[in-house]
Amino acid sequence: MIEFDHVHKHFGALHVLDDINLRIEAGEVVVVCGPSGSGKSTLLRCINRLEQIDSGAIVVDGITVGDARSIARLRAEIGMVFQRFNLYPHLSVLDNLILAPMKVRRLPKAAAVANAKALLDRVGIPEKADAWPAQLSGGQQQRVAIARALAMQPKIMLFDEPTSALDPEMIQEVLEVMMMLAKDGMTMVVVTHEMGFARRVADRVVFMDAGRIVEQGPPETFFTQATDPRTQAFIGKILSHV
Amino acid sequence: MTNERVQSGVWWGCVVLIAGFAAERISHLEWAAVAPSWQFLLIALGRSWLLAVIAIGVGICAAFPLALLRVYGPVGVRHAAVGVIETVRATPELMIIFWVYFTWPYLVGNQVTAWNAALGSLTVIAAAYLAEVIRAGLYSVPLGQIEAAHSSGLSSYQTFRFVVLPQALRNMLPALIAQLVALFKTTSLVYAIGVMDFFRAVNVTKNAVYAPYALYVILGAGYFFSCFAITRLVRWFDPQYQLLE
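In the order they appear, the protein sequences are chains A and B.
Just so we're aligned, residue 7 is where the first sequence starts under our numbering, counting upward by one.
Just so we're aligned, residue 99 is where the second sequence starts under our numbering, counting upward by one.
No wet-lab data here; the hints were simulated from the structure.
Some clues are possibly wrong.
So the derived label-pair ranges between C-beta atoms look like this [to be verified]:
1. B:Leu-192 to A:Gln-141: 47 to 55 Å
2. A:Lys-189 to B:Ser-253: 32 to 40 Å
3. B:Ser-253 to A:Ala-32: 21 to 29 Å
4. A:Glu-83 to B:Leu-241: 21 to 29 Å
5. A:His-12 to B:Thr-185: 45 to 53 Å
6. B:Leu-192 to A:Glu-83: 52 to 60 Å
All residues carry an ideal CB built from backbone N, CA and C; glycine is no exception.
Please model the entire structure based on the sequences and the hints provided.
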């Protein structure tokens, strides 16, 4: 579904992605973790070309991520959820959900609204359809953001630290929605520090450091049998703080 | 509670006292001398409004492409837009009015009327200043909004039209009001090239009849209520939604 082939990227002198090779299958849930500055968010943002790569190739759903013309069509198939939610503050919750389906998919309004209401129901806040984003709690905003991404009926969902900006008591409600998605077979790439989520939901955990994929594997072996000392140090720090 | 009520009472008492005193003094001014000129002055005020409305209307139409070129344009075009905007903003408005009136015939060869010169120069001034207001509005929209729109498959135009522009318009409103008020007052400078705007009309009347105090009250009131009306008018278009955090 997603394939990185010898991908390199620089931010000035910083080699932020250093020879990335990664294959993600349809229906797979992959958690990407690593210390800050390791390139994990950049890796995620290259998949829908919010960042451009310097060399190598990324193929998503059979289409090479490259030129500016085909990218809009590809982006319509890839939902993205951001750390800071990025809901449109000038639109109601419902209008946030129907904008892209109506403008990109050319869905009639009635169909887009019905679809949006079903999604709000699914993320557990059907009563907030007419609210403004600013009237919602952080957890509710992030659930709306997930619903907004799902409204395009994407094949892939990307999550860029979806719980990092949330108060602790709101993290669970967002993770539950994500677990439900995973259970339904969505292909998901999740950049997160929530190791509990990685353990319970991920098919594979990818650990990055200094722009490289250091180690990857299914969660049970990743957490107990990591071989690289950098991975061990990271796991040690993350788990001891819980 | 009672303390606040007393304070508020004293405050309003003072306001009423001062206003009453001012009204009483103003009522003794030379109104009889000015009265026959009321039509002349009103038409001149209308002319000032006409100047302002056309200059602002055409100016906004020119300001949008100027601002967009400055923000999104390719390098050469961007520098040209910066050049135009900064040149106009860094020179006195009166000088631009003189330039258009006196230099245009010299360059092109045919005469330009004072009215057209006034309209042209005010439009150029409005375009340059408003372009900067629009640019500030565009920059006020966080990058995350654009990324969210792009990642959902919206094209660059759709992102601008449905996500960036509505937020930018809302954010630029206070600066826009300030700029429109300033532009309305700038119209008074065209008296220098002989256009009979409100400012010039008051001065002409003052030279004809001896009633300086009454006329200056009229002058101040005319500009005050015009600018106040502009403020209310723009606010009326203000979409009411709450900003995110």
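Against the structure, the hints:
1. Range check, B:Leu-192 to A:Gln-141: about 50 Å between beta-carbon atoms, so the 47 to 55 Å window is met.
2. Take A:Lys-189 and B:Ser-253: their Cβ atoms lie about 34 Å apart, and the range 32 to 40 Å holds.
3. In this structure, B:Ser-253 and A:Ala-32 meet the distance hint of 21 to 29 Å, their C-beta atoms being roughly 27 Å apart.
4. Taken as a hint, the range 21 to 29 Å holds for the pair A:Glu-83 and B:Leu-241, whose Cβ atoms sit roughly 23 Å apart.
5. Look at A:His-12 against B:Thr-185: about 50 Å separates their beta carbons, and that is inside 45 to 53 Å.
6. At roughly 59 Å, the beta-carbon separation of B:Leu-192 and A:Glu-83 lies within the given 52 to 60 Å, and the hint holds.
The structure meets every hint from the earlier list without exception.
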